[in-house]
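Those sequence lines, one after another, are chains A and B.
Under our numbering, residues 1 to 218 are what the first sequence spells out, in order.
Under our numbering, residues 1 to 232 are what the second sequence spells out, in order.
Just so you know, these hints were derived from the structure itself, not from any lab.
Computed from a predicted structure; not experimentally measured.
By construction, the Cβ of each residue, glycine as well, lies at the ideal position given by its N, Cα and C atoms.
Please note that a few of the clues may not be correct.
To be verified - If you anchor each label on the Cβ, the simulated ranges turn out as follows: (1) B/Trp-205 <-> A/Val-50: 29 to 39 Å; (2) B/Ala-219 <-> A/Glu-211: 33 to 43 Å; (3) A/Ser-126 <-> B/Val-190: 42 to 52 Å; (4) B/Val-23 <-> A/Thr-89: 30 to 40 Å; (5) B/Ile-53 <-> A/Val-23: 19 to 29 Å; (6) B/Lys-222 <-> A/Leu-125: 37 to 47 Å; (7) B/Trp-205 <-> A/Trp-3: 34 to 44 Å; (8) A/Val-23 <-> B/Leu-81: 27 to 37 Å.
What the hints assert, rightly or not - Computed footprint of chain A on chain B; a stretch qualifies when at least three of its residues, placed anywhere within it, have a C-beta under 8 Å from a C-beta of chain A: (9) 53-65; (10) 143-157; (11) 165-175; (12) 180-188.
Said to hold, decoys possible - To list a few chain B residues with every Cβ distance to chain A over 12 Å, as calculated: (13) Leu-16; (14) Ile-19; (15) Leu-41; (16) Pro-50; (17) Ala-73; (18) Gly-113; (19) Ala-126; (20) Leu-127; (21) Leu-161; (22) Leu-195; (23) Thr-200.
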Amino acid sequence: MIWDSNFAISVFPLLLEGLGVTVQITLLGTLLAAVLGLVFAVLRRLAIPVLSPVVSFLVVFVRGTPLLVQAYCAFFVLPAYGVSFDALTTGVVVIGINYSAYMAEVYRSGIQGVPKGQWEAATALSLPGARTWGRIILPQAIRTVVPMLGNYLIQMFKDSAVLSAITVVELMATAQAIGSSNFRYLEPLTMAALLFLAVSYPASRLVNRLERRYAPQH
Amino acid sequence: MSAVIDYAPLLWQGLLTTILVTVLSGALCVVVAFAVGLARLSRHRFLSWPAGIFIEVFRGTSLLVQMFWLFFALPFFGIQLHPVTAAVLALGLNEGAYAAEVVRGAIASRAKGQTEACIALGMEPALRLRRIIIPQSIPAMLPPFGNVMVDLLKNTSLVSLVTVADLTFSAQMIRSTTGQTTAIFLTILVVYFVLSYLLTLLTGWLERRFALDRKAVAAQRKESRLMKVGAA
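Assemble the whole structure, with the sequences as input and the hints as a guide.
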């Protein structure tokens with residue numbers, strides 16, 4: 001028998017613990033990405049000299065480079081300058097910044113989708129800039145953005161496995177550690193895959209349903 | 001910077017491996033995308049169901065898990081893959097699952113009238129796909145395919161974790177021998193960025209090349225150039 005069920009059952013609690021960390025990374029990372037992405041999108045839209053082009057370039061640069069290399073940079077380069085966090089914090093910040101670049105694009109399209117008349121109406125009412133953004137533009141923009149954020153959340157959940165390379169002890173790292181200490185990779189890796197599927201498949205179904213509900217009515 | 005210069009040949013080797021893995025898995029990705037995407041659209045359940053399961057499994061689990069599974073778990077079934085083979089398979093199948101949805105979406109959104117016209121002309125389904133439907137769907141597929149390819153290129157960095165000596169692997173090796181971290185990682189960040197930028201340019205070129213109405217695209221570009229001049 002290739003598959004050892006007893007072994008599989010005995011390591012299952014450990015894997016669940018790893019899954020817990022993965023979920024934690026995903027939620028914190030998404031929160032960070034959602035906030036940073038919004039900041040980036042607004043900064044780009046405001047067209048502030050120097051700052052906006054720099055933000056634009058950073059967004060493109062982050063999108064054009066691998067998450068793994070970004071993680072290595074944060075994990076190995078920063079300590080050389082006396083800045084060091086534990087692996088988990090580094091991981092959350094790296095994946096949050098990585099996804100903020102994608103979310104900035106999503107917000108941008110959401111902001112662009114707000115009809116011009118809304119801006120004109122705000123100007124006509126001589127609303128100050130902050131209130132125009134906070135009360136008129138963003139509430140409408142974010143509504144259309146919600147399903148996309150859901151998609152990125154699921155994507156991040158799976159991508160967080162990459163953080164195992166910088167010693168974050170999430171699901172993938174747990175599976176690997178179990179594998180290498182028992183010389184049996186089949187059960188832990190297969191169960192890790194199934195756990196990923198068990199979370200991401202229902203989640204993507206849910207997001208699909210949200211997508212249909214939030215779809216702009218034309 | 002001295003480490004980057006001293007170890008340039010090693011980085012170059014790594015870059016070549018990265019490009020090789022990208023090209024091989026990119027080719028596999030396109031094959032998988034069309035095979036699975038078309039199977040998903042099939043009216044035969046024994047074709048469309050397995051395709052659906054394939055897509056959900058490969059999109060629903062992490063690429064890294066898939067790569068490790070092929071590399072570490074498959075030997076338990078007596079199948080020992082070369083690291084590059086495992087890496088290319090994992091990348092091609094994973095990104096292929098995403099690209100299959102691109103193919104399915106593009107073909108499903110074709111105008112119904114085209115299919116009806118084919119049927120009216122008595123075209124066989126295979127001929128209809130090959131001559132009419134697929135060529136027409138290509139322009140719609142190109143932008144999302146470009147995204148998948150950029151994604152694939154970036155994800156090739158994961159192959160360093162299954163001992164393939166790609167660019168990231170070389171960088172790690174140089175870091176551990178020289179201790180020079182900043183220069184080496186910033187260098188490969190820039191290299192990856194340049195590679196993905198080149199891929200974006202290539203996709204843009206292909207989009208213009210395969211646009212259904214090339215004259216309209218050219219006119220649009222001319223207009224946007226004029227607008228830029230006007231703005232300046």
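Taking each numbered hint in turn, which are not upheld by the structure, reported in ascending numerical order? Violated hints: 7, 17, 21, 22, 23; rest satisfied.
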